[in-house]
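S.K.: Given next are the chains, with one letter for each unit.
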Amino acid sequence: MNATIENIAVSQRANLEVFSGTLQHLAQSDRDIIVVTSDSRGSGKLVPFGQKFPEQIIEVGIAEQNLVGVAAGLASAGKKVFAVSPACFLTARALEQIKNDVAYSDNPVKLIGISAGVSYGALGSTHHSLHDFAVLRTINNLIVVAPADNFETEQAILLAAETDVPVYIRFGKKQMPLLSEEEKTFEFGKGRVVREGSDVTIIGTGETVAPAILAADKLEREHNISATVVSMHTIKPLDYDLLRNIAASGQPIITVEEHSIYGGLGEACASFLIQNDFHNRFKIIGIPDEYTVTGSQTEIFNHYGISEGGIAAAALGLVR
Amino acid sequence: MLKVMSEKELAQKSVEYRKKILKYIYQAKAGHTGGSLSCIDILNVLYNHTMNVGPDTFDSPDRDRYIQSKGHTVEALYVVLASRGFFPESDLETLCKYQSHYIGHPTRKVHGVEQNTGALGHGLSLSVGTAIAGKLDKRDYRVFTVLGDGELPEGSNWEAALSASHYKLDNLCAILDKNTLQISGPTSAVCNTDPVDEKFEAFGWAVRHVDGHDIGELVTALDALPFEEGKPSLIIAHTVKGKGVSYMENQLKWHHGVPDKQQYADAIQELDALEVTLA
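For the protein sequence lines, the chains are F and P, in the order given. Residues in the first sequence are numbered consecutively from 13, following the working numbering. Residues in the second sequence are numbered consecutively from 406, following the working numbering.
Treat the hints as calculated values from the structure; they're not laboratory data. Virtual Cβ for every residue (Gly too), placed ideally from N, Cα, C. Take the hints with a grain of salt, since some may be wrong.
[To be verified] Straight-line C-alpha distance at most 30 Å; calculated DSSO-like pairs for lysine-lysine: (1) K64/F - K543/P; (2) K540/P - K573/P; (3) K64/F - K514/P; (4) K573/P - K248/F; (5) K425/P - K502/P; (6) K64/F - K636/P; (7) K540/P - K424/P; (8) K425/P - K64/F; (9) K658/P - K636/P.
[What the hints assert, rightly or not] Per the computed footprint, the stretches of chain P lying under chain F, defined by three or more beta-carbons under 8 Å from a beta-carbon of chain F, are: (10) 451-465; (11) 521-529; (12) 664-675.
Start from the sequences and build out the full structure, keeping to the hints where you can.
M.R.: Structure, rendered in structure tokens:
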């Protein structure tokens, strides 16, 4: 039987649900926690939050530019503001507000991109965010995070609430497996090694870490290849120390992301490696520069090799 | 504590400010001359009469806020902030110079600036968020923003206008610097936004018109805020681009034209003469 993300995610929840639960927990004891939504209460699982804390949720309607500008204004007055909207709209429609009102003005808004990447599946490209890492990486004063599992999501939200710099956090709505029972540290800018290996390193981010782990299992089971798996939850600032250590081992490196192959995790890693004289064999797995195939998130992942089989095949190609 | 100024003193201040705007633009060889001269009377009344903010209270959560949506006329803001003691006026000698904080649009690196603006259509949303926070915290501060008529086609203004009335932000006042000119021509010809009063009224705002260069009318309108309880207020300030320098008035080229030596001397001479009549 092929392992699937669903059957290793038993008893775990979607990161989206962890996000909304964590926010409710925070809001109970902190009246400065404010959620701003753009008709995204339902898709953000924020209906219970709105019922419990009606004074702590600001609805602007379907108006993402205003969402981010209003959030910045609230943050400037001392509120801990979570601006919640589908990642596709938040980071494209409101990019100038993110750049100027949040990052440049240093208003520490927590930008929450829900249903990120290709989570919306067959709804198509209008609803996909395959550009967000690329564009947000170029904006000064913004932390960019894609938590992989429930633990990372909860930690990212808790940290974001207390941090005084702007943060973008994006995640999907699929049930995610717990990456590690042991590795219980989380800080922005520090990747988590969730599996140690010696032959190849797979660096995933967000919902691609789960298939990376499945691929590592398959490589060990079927090919006796031992893979390191990293959850590089923070795209910026990137964990250069960890990258340096991985590269120094000489292992081939594969990056996997739910994002365009341009400008995201893979190119960020490649840029660091090449400029620091590391010449490890290297491959970027992501969504290629084409009209994205129609399908569910899982079908799209499988189509482009963001899967147990696809990642394992890429690893075999580099190791041999 | 803000010294209470008479309308006559405010009128004198405006002339002084106009001269300083021209001085620093002339020295920097850069700046948005026409628009700075059209909005300066508004800023003068806001900072010297209406708002409870100064250098000593800028960190107070209860201060009134001013967010300049038409960020490009920053020279007007710098001159007023300097005169209110937020920073030494001599800092403006560095305007737009290499490594200066005093760049061509407002930034928070300059003491007294609330938000970094310059891209148009941002100030109203920022103001709405700040005003909502005031309501949530039951604080009495008010939020003021100056919009340009040229920036109104930015859709984000109208998104923000909706939220302002939806949340009944009577602690918010937008002042439209309606100088009727923008970089490529008359605003009515570029993208007509009139009747702008009816548009904002339809969006749930309480609207008044003033002569944006008449200190008395500005004072009266700002003293009457909010115009209606439960509604955001809009003051449509009818202004003249380049106001106070006759050869600049209503002339498109002075949007970001910089006077040469003779032009600068002529402008100062004209303003000096005006100053004498106000003394």
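S.K.: Could you run down the list of hints and mark each one as holding or not?
M.R.: Each hint tested on the structure:
no.	hint	verdict
1	K64/F - K543/P	holds (20 Å)
2	K540/P - K573/P	holds (10 Å)
3	K64/F - K514/P	violated (39 Å)
4	K573/P - K248/F	violated (39 Å)
5	K425/P - K502/P	holds (17 Å)
6	K64/F - K636/P	holds (27 Å)
7	K540/P - K424/P	violated (39 Å)
8	K425/P - K64/F	violated (54 Å)
9	K658/P - K636/P	violated (38 Å)
10	451-465	violated (count 0)
11	521-529	holds (count 7)
12	664-675	violated (count 0)
Hints 3, 4, 7, 8, 9, 10, 12 from the earlier list are contradicted by this structure; the remaining hints agree with it.
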